[in-house]
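Trainee: Starting from the known structure of chain A, arrange chains B and C on it as the hints suggest.
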Amino acid sequence: MAKTQVSFNLNGQDVDVLVEPRELLIHVLREQLQLTGSHIGCETSHCGACTVDVNGQSIKSCTMLAVQAQGATVMTVEGLAAGGELHPLQQAFMDEHGLQCGFCTPGMLMRGYRFLQENPNPSEEEIRTGMAGNLCRCTGYQNIIKSIQTAAAALNADTGSQAE
Amino acid sequence: MQVTINKVFPLDGSVSDAWNLLENIEQVASCMPGAEITETVDENNFKGSVKVKIGPMHVAFNGDIAVQEINPGEHQVHLIAKGQDSKGTSSASMDLTASVRTGESGTSELTGDADVTVNGKLANFGGRMMTQVADQILGQFADNFSSKLGASADSEASAQTASEPEPQVQEINGLKFAWQALIGFIKSFFTRKA
Amino acid sequence: MSAVPETMERQDQLQGIGCSRKRKEDPRFIQGKGLYVDDVKLPGMLCGEVVRSPFAHAKIVSINKEKALALPGVHAVITAEDLKPLSLHWMPTLAGDTQAVLADEKVCFQMQEVAMVVADDRYIAADAAELVEVEYEQLPALVDPHKAMDADAPIIREDLVGKDEAGQGKRTHNNHIFTWDVGDKDATDRAFENAEVTVREDILNPRVHPSPMETCGCVASFDKVNGSLTVHITSQAPHIVRTVVTLLSGIPESKVRIISPDIGGGFGNKVGVYPGYVCAIVSSIVLGRPVKWIESRIDNISTTAFARDYHGVGELAADKDGRITALRFHALADHGAFNAHAQPTKWPAGLFSICTGSYDIPVAYARVDGVYTNKAPGGVAYRCSFRVTEAVYLIERMIDVLAQKLDIDKAEIRRRNFIQADQFPYQSALGWEYDSGNYAPALEKVLEACDYEGLRKEQAEKRAKGELMGIGLCTFTEIVGAGPSKACDVLGVGMFDSCEIRVHPTGSAIARMGTITQGQGHETTYAQIIATELGLSSDEIQIEEGDTDTAPYGLGTYGSRSTPVGGAATAMAARTIRAKAQKIAAHLLEVSPEDVEWDIDRFQVKGNPDAVKTMKEVAWAAYNNVPEGMEMGLETVNYYDPPNFTYPFGIYLCVVDIDRHTGETSIRRFYALDDCGTRINPMIIDGQIHGGLNEAFAVAMGQLISFDEDGNLQGNTLMDYFIPTFVETPHWETDYTVTPSPHHPLGAKGVAESPHVGGIPCFSNAIVDAFAHKGVTHVDMPHTAFNVWKTIHELGLDS
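From first to last, the protein sequence lines are chains A, B and C. Residues 184 to 347 (our numbering) make up the first sequence, in order. Residues 17 to 210 (our numbering) make up the second sequence, in order. Residues 560 to 1358 (our numbering) make up the third sequence, in order.
Bound-form chain A, shown alone (with noise of 0.2 Å):
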């Protein structure tokens, strides 16, 4: 299969990368771009590990082919940290202990960051729902919850909008 170039934002810096038509976007990311934060944990677009920021929605990086990422704005967990500082969300997972093994976390990560900017104020039921693409088996769910409401909570100090 012949390749093609595709450039795309990725982090803030221009990427240039040579793919097969067929190539995942999550395997560009891992193995050509050597960003491994974003991981894989299913094939059937269930699991959520792989979730990426694309366009400013959050994007199953298995199920979407790295030639579609052509002009896109792309950020992974990787990219997250802002000027060598973490973003709220990151210090949140690690203050109310939102992680054990990690798999699952850059996704969270990702699908955090956008769903607080589609809902900066969400209840508990719709962080259920709004984080409901994205698996984890060790957590439990209850403390990764915790961890998406201080963000908010941060994020909207930072803003200075109202808490809830």
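One should not assume that every hint holds.
Said to hold, decoys possible - Here are the simulated lysine-lysine pairs, PhoX-like style, with alpha carbons at most 25 Å apart:
{"#": "1", "chain 1": "C", "residue 1": "K665", "chain 2": "C", "residue 2": "K722"}
{"#": "2", "chain 1": "A", "residue 1": "K329", "chain 2": "C", "residue 2": "K592"}
{"#": "3", "chain 1": "C", "residue 1": "K626", "chain 2": "B", "residue 2": "K67"}
{"#": "4", "chain 1": "B", "residue 1": "K98", "chain 2": "C", "residue 2": "K814"}
{"#": "5", "chain 1": "C", "residue 1": "K814", "chain 2": "A", "residue 2": "K329"}
{"#": "6", "chain 1": "C", "residue 1": "K643", "chain 2": "C", "residue 2": "K814"}
{"#": "7", "chain 1": "C", "residue 1": "K1004", "chain 2": "C", "residue 2": "K1016"}
{"#": "8", "chain 1": "C", "residue 1": "K618", "chain 2": "B", "residue 2": "K63"}
{"#": "9", "chain 1": "B", "residue 1": "K63", "chain 2": "C", "residue 2": "K1333"}
{"#": "10", "chain 1": "C", "residue 1": "K618", "chain 2": "C", "residue 2": "K722"}
{"#": "11", "chain 1": "C", "residue 1": "K879", "chain 2": "B", "residue 2": "K103"}
{"#": "12", "chain 1": "C", "residue 1": "K618", "chain 2": "B", "residue 2": "K98"}
{"#": "13", "chain 1": "C", "residue 1": "K626", "chain 2": "C", "residue 2": "K665"}
{"#": "14", "chain 1": "B", "residue 1": "K98", "chain 2": "B", "residue 2": "K63"}
{"#": "15", "chain 1": "C", "residue 1": "K665", "chain 2": "B", "residue 2": "K103"}
{"#": "16", "chain 1": "C", "residue 1": "K879", "chain 2": "C", "residue 2": "K581"}
{"#": "17", "chain 1": "A", "residue 1": "K186", "chain 2": "C", "residue 2": "K626"}
{"#": "18", "chain 1": "B", "residue 1": "K63", "chain 2": "B", "residue 2": "K103"}
{"#": "19", "chain 1": "C", "residue 1": "K1016", "chain 2": "C", "residue 2": "K964"}
{"#": "20", "chain 1": "C", "residue 1": "K626", "chain 2": "B", "residue 2": "K103"}
{"#": "21", "chain 1": "C", "residue 1": "K600", "chain 2": "A", "residue 2": "K186"}
To be verified - Over the 10 Å line for every Cβ pair with chain C, so calculated as not near, a few chain A residues:
{"#": "22", "residue": "S190"}
{"#": "23", "residue": "N192"}
{"#": "24", "residue": "E214"}
{"#": "25", "residue": "A265"}
{"#": "26", "residue": "G285"}
{"#": "27", "residue": "E301"}
{"#": "28", "residue": "P303"}
{"#": "29", "residue": "D341"}
Think of the hints as simulated: they come from the structure by calculation, not from any bench. Note that the structure is predicted; figures quoted are calculated from it, not measured. A virtual CB, placed ideally from N, CA and C, is assigned to each residue, including glycine.
Mentor: Here is chains B and C on its own, set in the frame of chain A:
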């Protein structure tokens, strides 16, 4: 994984015309979408192939058809077809008894009773749709059979018609069937069978 | 007094035992910098993909590799034929059986490994796997374990024909693996004959699968130049893997390095050695290049260690006041096509004999018959503590059955049967010495917290209105911390564990253990133990596990054994260091060692509070100023052979509301009180409880690995296999009591599997309780909406 299918299809034509068609295994095979006889071993044994497409998955089954019994008195054919897909990931077999008869309303009917056994990938992933997809495939078969029956009656009437192009061996499009099966399934909630 | 706040401040600064300190391993995970096996990339690395059998039982007529080998980028296609000259086409299992590495002449379960292709990358490997042409001749499949020992049952294991044993004692039929029993059969039978009341139920533990988020895999790298093999592998027992690799390959352990890096969840799924690992290792040795093999989720669910599949009959004998006089149990265990049961050698039913539970049962008898079927091998996995899930399910379901029969309240019947606090250490009828327990007050604590009386009143009111509400109780004792080497070994290696600690001159330390975390937080909790024992901040104690080149030999992490065994080794090692440090301190203080005493982080001359040497000062001295005749340095290694298992316990209460039209169960409340003895990090314990309860919820309410009559897997992808999401998962409430273990150096017992072991019967008990007023005594798992609806419909409750 085994499913049992019992179907009755109305036919346009006489029982004797239908029987002539039914006992011609090669003609019958060509009514099955995506199927063809590739080799006639002897008058009761054939090799055939069926192509199935489920979304991006193309599966080509190769197998044997063995006629167990042809009963002209009952207008009944009993055959067993067995095959594996070329990649060796699925196997299927069908024990089919098909007959033509005069139905209650006086028109001809094609009846089919089949035990279909599927193993391998198709059984893993296709299990839930098996009966519905089989229904659809047999429905298509019956339509083709009926058309052929109608065409053969016509061609007797008109001496020289442009030769019927042999139907293209099209693939069975599983997704299309699955969609139709889904529609059929939903519809079945709202329609009462006569 | 000013001394007290200062003492507390010194204590707090250590962030030692009891502190809910944040985890030290988190920073890399939240930045996507963890190192899991699939993250490992070595120069020249190739990719392996397994070709699998589509049929549950078939002869292999031929394998044609031509087309696969002709594909550019393919380096090898390995089959059993290629492994035969190395005698590697079969490998030993942990249960004394053998397992085909690649199918030799026949396949015995759907998805069994038939060949491995090795190619430049995963895409070419996937293409090549499809090009391998395998011709099969299907055979009738044996799927129902109850038919395994029929006279006309298909023979699955041709290799065992004529052999009257398969590693676990005498077998009576070709599909029979073992018969194991424990207890006093005659006395038990007599007790049943003489009993005032007996109850009996068919108890099913359906086949399920742990499905950690990370699947299994490895990167095998053989260095031809120095003849050494390095394998990065998802393993819960890296040292065992190293020993097995040596035994199989002949490469000495000194030249085999096994590295378990970060592991994305184990839950017992990553204990055994899988064919994929062996094929990757062989390919690497033959090709002289690293070979990576990572299985897919479908591979994982279909072929790696499943859990349960116990088909049992449970019986209790009792007096009319509900005092149990005897327990009897008989199960058929479906082990799949090979007995790859992860167990200590002599325990074919694991630690099932804990099934007398938290109750003072005078006599008992249990028997398990293991059989082969055309399914994937395994049986022990999924946070089960070696079949303890099955054992606790049995007793906790049966005591509810007894309660219903006698119309005794389900909490009350437990009170009447509990082992009392003054009976510990307690000798159970099936041979265990429970170290400690205090069940009755814990039960009262939970009942009060949940207003049990109020709940029963509410239930009565709801029943009068035709509504379905259930209250589930589970008061379990489990057994963990395998184990004393005289009873427990893995392939002949006793189940001790180890810890090596080295304190640096400037007072920080590094420690390595023979266990391996898969999310349990060892980098934090072990540091906390050492912090308290050595008076150094846990921030400055580096914990490493999983590299067999550096870690002392250990048996790994499963069966909640890290704290009971590894934690004990850690404490003992630290105490050895502290004993040496005391002598150095005395030397520095110019007194004799008996004249100094330890105080949190320093040695102090008795009666002279100003004469102190901190551990940090001692550490420096250890490298330049030690007493005459003493060796320099401050380090040690401890191999700890536990004198006994530990017996954590718990009291769980669950409230459910069932929609009588849809069968949907809403978990209104789940209250979990756990007693794991000394609590090292309460935050981590709570996290473990949440996780274990979630997995219990999954098993009880929806998980099932099922087969059709020909052995085709039904539902082996996440489309069907129930992994609860945020939406279904209930809210968890946790509580605790502390009953230390008398034999453990820290009094700690281990806790990670308790929530799974205790959670499952709690959910089941709640569901059955919802129908108890209609005479329902037992309903099998999983309690899906459909299954629950079937019960509703049969009882006519949905009209």
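Trainee: All hints are to be evaluated individually against the structure, with a verdict given for each.
Mentor: Cross-check of the supplied hints:
1. C:K665 with C:K722: Satisfied, since the Cα-Cα distance of roughly 19 Å is no more than 25 Å.
2. A:K329 with C:K592: 23 Å, holds
3. C:K626 with B:K67: Judged against 25 Å, a Cα distance of about 21 Å means the pair holds.
4. B:K98 with C:K814: Judged against 25 Å, a Cα distance of about 52 Å means the pair is violated.
5. C:K814 with A:K329: 47 Å, violated
6. C:K643 with C:K814: Holds, at about 23 Å.
7. C:K1004 with C:K1016: Holds, because 19 Å separates the two Cα atoms, which is no more than 25 Å.
8. C:K618 with B:K63: 23 Å, holds
9. B:K63 with C:K1333: At roughly 59 Å apart (the allowed maximum being 25 Å), C:K1333 and B:K63 break the hint.
10. C:K618 with C:K722: 21 Å, holds
11. C:K879 with B:K103: 65 Å, violated
12. C:K618 with B:K98: Holds. C:K618 to B:K98 sits at ~17 Å (cutoff 25 Å).
13. C:K626 with C:K665: 22 Å, holds
14. B:K98 with B:K63: 10 Å, holds
15. C:K665 with B:K103: 18 Å, holds
16. C:K879 with C:K581: Violated, at about 52 Å.
17. A:K186 with C:K626: 23 Å, holds
18. B:K63 with B:K103: Satisfied, since the Cα-Cα distance of roughly 17 Å is no more than 25 Å.
19. C:K1016 with C:K964: 20 Å, holds
20. C:K626 with B:K103: 12 Å, holds
21. C:K600 with A:K186: 22 Å, holds
22. S190: 21 Å, holds
23. N192: Per Cβ check, A:N192 is outside 10 Å of chain C; nearest 18 Å; holds.
24. E214: 8 Å, violated
25. A265: 12 Å, holds
26. G285: Violated, because the least Cβ-Cβ distance between A:G285 and chain C comes to about 3 Å, which does not exceed 10 Å.
27. E301: 15 Å, holds
28. P303: 18 Å, holds
29. D341: Holds, because the least Cβ-Cβ distance between A:D341 and chain C comes to about 18 Å, which exceeds 10 Å.
Taken one by one, the earlier hints fail for this structure at numbers 4, 5, 9, 11, 16, 24 and 26, listed in ascending order.
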